[in-house]
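With the hints in hand, could you dock these two chains into one complex?
Listed below are the residues making up each chain.
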Amino acid sequence: MSRLKIKTIEDFQNDGTSPETLFWIGCAGSFDDRAKRITKAFVRILNSANISFGVLGKDESCTGDPAKRAGNEFLFQMQAMTNIETLNSFDIKTIVTTCPHCFNTIKNEYPSLGGNYDVYHHTQFINKLLEEGRFSIKGGTYKGKKITYHDPCFLGRANKEYSAPRNLIKKLDAELSELKRCKSKALCCGAGGAQMFKESEKGKTEINIERAKEIKENTSKIVATGCPFCNTMLTDGTKSFEENKKVEVLDIAELIVKAKDL
Amino acid sequence: MELLPNIIFSVILIIALGFFVINIKRLRRNINFGKGQTETIDDSPQRWKNMIRIALGQSKMARRPIAGILHIIVYLGFIIINIELIEIIIDGIFGTHRMFSSIGVLYGILIGLFEIFAILVLIAVLIFWTRRNLSRIKRFYETKMMGWPKLDADLILYFEIVLMSLFLLMNATDVEFQNMNNGNLISGLIYPFFEGFSSETLHILERSFWWSHIVGILIFLNYLYYSKHLHIILAFPNTFYGSLENSGKLNNIKSVTNEVNIMMGKTSESDTLDDINFGASDVKDLSWLQLLNAYSCTECGRCTSSCPANITGKKLSPRKIMMDVRDRIEEVGRNIDKNGWFKDDNKKLLGDYISKEELWACTSCNACVEECPISINPLSIIMDMRRHLIMEESSAPNELNNMMNNIENNGAPWPFNQQDRLNWNE
Chain A
1 MSRLKIKTIE
11 DFQNDGTSPE
21 TLFWIGCAGS
31 FDDRAKRITK
41 AFVRILNSAN
51 ISFGVLGKDE
61 SCTGDPAKRA
71 GNEFLFQMQA
81 MTNIETLNSF
91 DIKTIVTTCP
101 HCFNTIKNEY
111 PSLGGNYDVY
121 HHTQFINKLL
131 EEGRFSIKGG
141 TYKGKKITYH
151 DPCFLGRANK
161 EYSAPRNLIK
171 KLDAELSELK
181 RCKSKALCCG
191 AGGAQMFKES
201 EKGKTEINIE
211 RAKEIKENTS
221 KIVATGCPFC
231 NTMLTDGTKS
241 FEENKKVEVL
251 DIAELIVKAK
261 DL
Chain B
1 MELLPNIIFS
11 VILIIALGFF
21 VINIKRLRRN
31 INFGKGQTET
41 IDDSPQRWKN
51 MIRIALGQSK
61 MARRPIAGIL
71 HIIVYLGFII
81 INIELIEIII
91 DGIFGTHRMF
101 SSIGVLYGIL
111 IGLFEIFAIL
121 VLIAVLIFWT
131 RRNLSRIKRF
141 YETKMMGWPK
151 LDADLILYFE
161 IVLMSLFLLM
171 NATDVEFQNM
181 NNGNLISGLI
191 YPFFEGFSSE
201 TLHILERSFW
211 WSHIVGILIF
221 LNYLYYSKHL
231 HIILAFPNTF
241 YGSLENSGKL
251 NNIKSVTNEV
261 NIMMGKTSES
271 DTLDDINFGA
281 SDVKDLSWLQ
291 LLNAYSCTEC
301 GRCTSSCPAN
311 ITGKKLSPRK
321 IMMDVRDRIE
331 EVGRNIDKNG
341 WFKDDNKKLL
351 GDYISKEELW
361 ACTSCNACVE
371 ECPISINPLS
381 IIMDMRRHLI
391 MEESSAPNEL
401 NNMMNNIENN
411 GAPWPFNQQD
421 RLNWNE
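Protein chains in written order, with the numbering used here: chain A, 1 to 262; chain B, 1 to 426.
Not one of these hints is a red herring.
Footprint (simulated), chain A over chain B, 3 or more residues, beta carbon under 8 Å:
no. : stretch
1   : 250 to 258
2   : 365 to 375
3   : 388 to 395
4   : 399 to 412
Beta-carbon label-pair distances, calculated as ranges:
no. : chain 1 : residue 1 : chain 2 : residue 2 : range
5   : A       : K170      : B       : I219      : 54 to 60 Å
6   : B       : A62       : A       : N244      : 38 to 44 Å
7   : A       : D33       : B       : F342      : 50 to 56 Å
Calculated directly from the structure, the hints in this document are not laboratory data.
All C-beta atoms, glycine included, are put in the ideal place defined by N, C-alpha and C.
Extracted from the complex, chain B is given alone in its bound form (with noise of 0.2 Å):
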């Protein structure tokens, strides 16, 4: 009988890791869905630099400032107070309690500063909550962030809420911790809140507090999934494979290259027989760095709200643009799971998703590019989407033909002769 909460921690923390593992094997799938061309991936050093930077370090989140430096605190605690796990599992699967205790002064300044940062994180999330609810934020107000995401970004500061409460009432309740008095900077300050109750209560609420904790970060873990939180891992990746070029380059697309090589007669070998899309109407047609993008996606709206369509009131909205791609793919996911592959649903990114009025209010300034602080691409996207409109439907607003007939037949968007290139110097 003394093993049974060994076996049982043991079994949950197996469950939570396999549904994870599933979870992941499936975001995989999603992402390799994607099929268009990437630009060759090096492995520079730049990428882990970026990474270092970008992800671990950052770097860009305090554009910001006040909402930089709250989530700089609210990631610090993350990382931080997460090395408490590792005690946590220890002693769930081996039946020990503060096995690490033992190593004296220096579990005293870890424990104690894990308690800080809870107590901090604490403090950033409820101004994060009041941030979102109550100053109604403009770039939080669009209409895509209704319904799920609303309620995804409030569970997510009520899951940190009840996690950061739950560590340190856990600290709080646990009459050992608290008579070693290494360590017990913040919940030393609860613990005489708890004075009255007998030793027997306090043990049966220390217990629940650990098991919540434990089983709620488990929790965590498995909705990360779901939720615009799966950036706390994809930041990385996403910020690795980031391009490393100019922001104004946009690729070239390969077989174009090969089909116009052939049309001006530099080479006569067709390699692109293959049934080939130009462009991108669904999530297929993305390459899996720009579904990578999609999953990475927080949902912060920096991108929107510095996009100078978005900001003079047009539909465009770069945050909308990646938040369609999730969905989407997610919706191409769940047909696979059912279908066991995708069955046609009649449905497409291009048009049940994202508009063409979107698409064409874009002026590729870059802004969402140079906002987003994990280094997701909308711009690309948008092209992409263009691309399709333009080469694949024949679509553009009519002055677009204009000037597109002008470039083919006079080399200039306007239409004025090649022959008088230089009449600006009569």
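Here chain A stands alone, though its shape is the one from the complex (with noise of 0.2 Å):
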């Protein structure tokens, strides 16, 4: 696959310039095999909308969320002083991520600890640029087709956003068929609170296979979210589904890139 233009912060600082939005990709979308699909779809997006971007690169550390989360608020702390000064260092104003828990944390617990910036989820992004007139979605591909959403924890409760990304979809001509549980009362996906790096407590069954049983109810071939965390749990979750009952689980940028073709 060919390289996509991206420039960093500080190819933008040589030039003497700076980039409309900082684009932090985080720890799985810079890392993880299936979340790095996630990062290339949406920096498709800013490059068809012509949105000038930067990313940190090297400079960018983990937001130290999973440590705040098992407990270690000494890492965490570490992590985020770091990242605050390398942000504040190059006059970062504005942050678009596609992960929530990087938006989650940098939005809610930076500020304290000296780091001011707007956040945005990326789907909150994309609706900026639609509303701006600096992007357009049209059917295509997904018109009239079923498509169910997955809300991540820290982009609804923790956060109350669950219009953006259901517009989006909305956008896409698709029909949004809900699941059982959604929006606020959504069920988590399992990873959040870094369950995701430790093997979970003794019980009947795994908290991915409880929401895949609510995927599979749910007729929808096409299970949409936007996490990259939520992405690998419900992939894990519904790998076992029969033939007929197979689902492709895609993060928001994914469907609007292949929507569009870009």
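Here is the structure:
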């Protein structure tokens, strides 16, 4: 695959310019093979809308979210302060990210440590571009198709953002078919609170399997979400579906890229 | 001799209120035992709005429609019927009879309203009893709910059945009131059952119902402190002090900020020389707000029934966390009552009440916080206890230690090199 056009914030500085926004990629988006495809999809969207954006590259480091929620406040604050120093030294004002965990941490937990930015989840950012007339989405591939949506906890309940991703699904002319537990009542995928990095405690079943049961009851063949960790958990959870029940778990950015053939 | 009932009434009233005040003081002392950090509580008008909307307006109850609507009936009944208490207390102290009946039509409207609510409350409470005891709704039957919590829940229902019945019977046997025919909407229907009774018997019955009703209310008032029913008072401060921030925000520990600033060379002054505990292992490490949360909990279990860990059979139950905190602070309170100060009892919230297994099962998804009808935050307690496990005991599951080592060494939870952060574009 060909390389996408990206510039680091340092490149911008060397040119004596500054980008409109920083794209905070996050650890999953940088290193996880599945999540890298989400990163690329969003870059394609930004490029097609001619948004000047920069990435931190080797200057980006974990926000500290999994450490904080595991209980390691020291490590979290070390990470946070280092990142805030970097962001402030580049005079960053606006941040967009495809990871709701990064989004939540930078938006809610960095301010009292000296990091104040306008933070967007990518679904919010794309909505903003639509409103400003800088980007458009037309039905195409998904016209009339049933798509269901899984609310990431850190975008939904944690930050009360239920409409931005749904609005984009509707823009695809797709039929949004809600899961039984959705919006503020959505069931977690099982990855949050550092669970992604450990075995779960003993129980009857795994949380992503429980969520997958609900996905199966909903007859959509496409499960949209807006979080790389939810993506992994739901892909795993739905893997065992019989051939005729198979579903595809896609990030909303990927849906848009496919619909627009970017 | 004529004054004797008035004196007895006043004495009972003073004793009941006295006990109530003692219990409220004990409650305050216990809640203030929590020394943990809270977010600064500003006096934003939003706090009043939240209290009016969530506690007074019951805005979150109807998320579960059946229980929600039944609860709103009982709640409205409680508030409205208690207006009658003003008259009952005045009558009791001054030996009057239906002091306000002279206001005429309005009196009839009020009493009529009270009677309608009394019968609605009776019906709602009977349905509640059926739900709890016959439909055996799953969330009422976890281990922690057995014993006292189950008895407490049933006792509250019995109290309400008895009090509502006494209220209606007291009106039904009041010949003078029935003859006024002003507001006896329900009691007027019960009155015929007493038709054959002599006026003397009816008077004795009316007095017995009247006295049992008010004494019952005063007993119920003093039962609150020992019961989950305390929520009828504490729901108000609890929703007032509830967080105004996005629920995704987890507080940054200030003493850690100081330490990190020193480590990063941003400041050399340490104002954290005091004996600091990171996180919480016992109730003293929790904040007063977290303890207020525990005393406010009504054990409805909406949190637990929406918890993904609990749904999938893990040990974690957010309601149990809240009940454990209350049980422990009560134990500590009794210890202080006995010794005059807290004498170490070699017990802790962590370990003796709440196990590591429960704490590590949480996904921090905020479902429990979202579900609570009165803004209790079980997640903050779980997180504070994890903080203790990690920062004081260094006791984390191994995989989490690996994750944290990776973040520390290469800035990502996985073992990838920070220099390779742009390799996704290869």
